[in-house]
Amino acid sequence: MLAMLDDVTKVYGKSYGLRDLTLEVPTGQVIGLLGVNGSGKTTLLKLLSGLLLPTRGQVSVLGEPPRRVRSKLVFLGETDAIYRWMGPTDAGYLMSGLYPDFCPQRYRALLDSLQVPTRRAGAMSKGERVRLRLAMALAREAALYILDEPLGGIDLAARERILQSIVGQWRADASIILSTHAIAEAEGLFDRVVLLKQGSLVLDALAEDLRERGESVKSTFLEVLG
Amino acid sequence: MKGLHTLLWREYRSSRGWAIGLIGSLGLWTWIVSMISNEGVENRLALRSLIITVAFAIGVIVLSFMVGRLHTEIKHDEHRTLLLSPIPGYLHIVSRLVFAVGVGLIYAIGLGTLTWWVFSQAGAHLGASSIMQLVAAFPAFGIVTLLMPTLAWVLLLVLFANAYRLSHLTWIAVIVMCAGTPVSLLYRGINGLDHHLPVWTTAPGITDLFNRLAGMPTQGEGSMLTMAVPGVVHYGDIVGAVLLTGLLVFLAARLWEEMEG
Amino acid sequence: MTVGKTWDLDMAAGPIYRQIAQHVRRALACGVIKSGDRLPSVRELAQQLKVNQNTVVHAYSQLEREGIVETRRGLGTFIRDGIPVAVSQRELLIAAAQRYAREVLALSVSTEEAIEIVREVLDAGDVG
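Chains as they are written, first to last, in the numbering used here: chain A, 1 to 226; chain B, 1001 to 1261; chain C, 2001 to 2128.
Be aware that a few hints might be false.
[To be verified] In silico DSSO-like cross-links for lysine-lysine, where the CA-CA straight-line distance does not exceed 30 Å:
| hint | chain 1 | residue 1 | chain 2 | residue 2 |
| --- | --- | --- | --- | --- |
| 1 | A | Lys218 | A | Lys126 |
| 2 | A | Lys197 | A | Lys126 |
| 3 | C | Lys2034 | A | Lys72 |
| 4 | A | Lys197 | A | Lys14 |
| 5 | A | Lys14 | B | Lys1075 |
| 6 | B | Lys1075 | A | Lys126 |
| 7 | C | Lys2034 | A | Lys197 |
| 8 | B | Lys1075 | A | Lys72 |
| 9 | A | Lys197 | B | Lys1002 |
| 10 | A | Lys14 | B | Lys1002 |
| 11 | A | Lys218 | C | Lys2034 |
| 12 | A | Lys197 | A | Lys72 |
| 13 | A | Lys197 | A | Lys218 |
| 14 | C | Lys2034 | C | Lys2050 |
| 15 | C | Lys2034 | A | Lys126 |
If you're looking for bench data, these hints aren't it; they were derived computationally from the structure.
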């Protein structure tokens, strides 16, 4: 088991971000994390990356608290968390200095396939910044990739390229968990889908199993949450 | 240490404008100081020293703001790439400190040079060793004993201000809460060490000058001179400052490690 | 074999691995690919279709089980030699005929009339 959330609850003041959630992440799996806004997807992903600490329960990655093994995981957040003065070259330099598992060759290939412009981040559009951050993230050889809305605010053509990049970067010894609203487009990527509703897990199923029953991930989503 | 190297580079790229601006302001101070042409040697000297003192204080304030930008970084989640890097927390703190202190040192050496010029203009006989001491030692003293702990304190404050991100109050947070004013008391306490440590009397030329001016009616202004240029450096102060900075950096590093993102 | 402009994968039409295998069989039946041809690598196909690499692996294993393809280590996945194209064609036509037969039965049309309609359509070359 690569990672696990064990009966995890996260409370923000009075409200529950996540409630008694248990999730196992095996190695080599691509998990789609789905749910409406505010259902706890970002909370779950941040807990998994160690950016948040659980109120109750335990989070472990490779058997340890995520912060302790942060060298083995990648987190791509929804917020525009990048220094505005950095261009792609600067970002590459920063990443190789900070992360030993960063692969400059792969980074350059990703910058190319994602068509990231050579401007500084402050002069890029939001979508271009997401693609730069995605290149920075996927160029690392980590065990767990945690991607929060990597397709958010991106135009259609770029979404295709992003999905292709994620597919291309998959390795059997790593796992990917990503949240998205673009279910119809992205569902082909998922080995498994996990649906959240108001901080609780309402569905955890293999995507192909759903299709065996004549459903698609999208139709299941609408059925369960609609 | 590749990590530190990269972090210093990041600091440089991020704070380039501030550093250049501050070091560039040396030209401004030089110009202002040279413009002072009051009657009376001691009047001129007093006013010029005051300006240099003010310049130094402004340097401390500017660098504090520069380092304090960590707060905006955290607010915009820009620090996340650093927070999740395998690099230990204290290096993140140290790199910011090192860069700011480095800039401060250059600035201070510039001010020290200006001080040397001001004093030789006033007639102080300064030998070669005195020049070196003035230019290097006095400002360095100010950087170590004043700037360094101040910057470390600013970093700690910024991280503590973001402590609402802590999911549970740790003992560090409690200490920081209580540490407020007592920090300066602690500093003073450590300074008691200076009774046991040697004292470095520098620039006899300046002491001579003070003595010469001592008998003049402008006694009042004389006291302003000692603000810019201490005739005596207490090693106790330096040790105290380094220890204090070390403690503050340790606390800041702990906060960084436990910070939620 | 190129995947072509769009392989229409229907997410609601059953498991993707099965659809991929079906596409390969169809391509074989139509002569688009032949014995000895190399299929795209798992990674290539997965990227083109934007599906999980495991899914492609599953499809290729299925085809291997059926004896249609074979994996040669380090070289890729190839259509086996001596695959009777006619068999695949026949299978596809039977499947199409079954779909037609369902309509025929639902409309309670006689076999003779059903066959006559097929002949007319094929003669006219009007495939709608």
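For the pair supplied as a hint, A:Lys197 and A:Lys72, is the alpha-carbon distance within the 30 Å limit?
29 Å, holds
Pair hint outcome, C:Lys2034 versus C:Lys2050 [Cα-Cα no greater than 30 Å]
25 Å, holds
Would you mind confirming whether the straight-line C-alpha gap from C:Lys2034 to A:Lys72 stays at or under 30 Å?
44 Å, violated
Between the alpha carbons of A:Lys14 and B:Lys1002, is the straight-line distance 30 Å or under?
The given pair, whose Cα atoms are some 44 Å apart, is violated under the 30 Å limit.
Regarding the pair A:Lys218 and A:Lys126, is the alpha-carbon distance no greater than 30 Å?
Between A:Lys218 and A:Lys126 the Cα gap is close to 27 Å, so the pair holds against 30 Å.
Assess, step by step, whether the Cα of A:Lys197 is no farther than 30 Å from the Cα of A:Lys218, and give holds or violated.
15 Å, holds
Given the hinted pair B:Lys1075 and A:Lys126, is their Cα-Cα distance within 30 Å?
18 Å, holds
Hinted pair, alpha-carbon criterion (30 Å max): A:Lys197, A:Lys126. Please report holds or violated.
Roughly 28 Å separates the two Cα atoms, so the pair holds.
Is the Cα-Cα distance between C:Lys2034 and A:Lys197 30 Å or less?
Violated: C:Lys2034 and A:Lys197 sit about 49 Å apart, past 30 Å.
Check the hint pairing A:Lys197 with B:Lys1002 against an upper bound of 30 Å on the C-alpha distance.
Not satisfied, since the Cα-Cα distance of roughly 44 Å exceeds 30 Å.
Can the restraint linking B:Lys1075 and A:Lys72 be considered satisfied, given a maximum Cα separation of 30 Å?
25 Å, holds
Hint consistency between C:Lys2034 and A:Lys126 [alpha-carbon to alpha-carbon, up to 30 Å]:
46 Å, violated
Hint compliance for this structure: hints 3, 7, 9, 10, 11, 15 are not met, and every other hint is.
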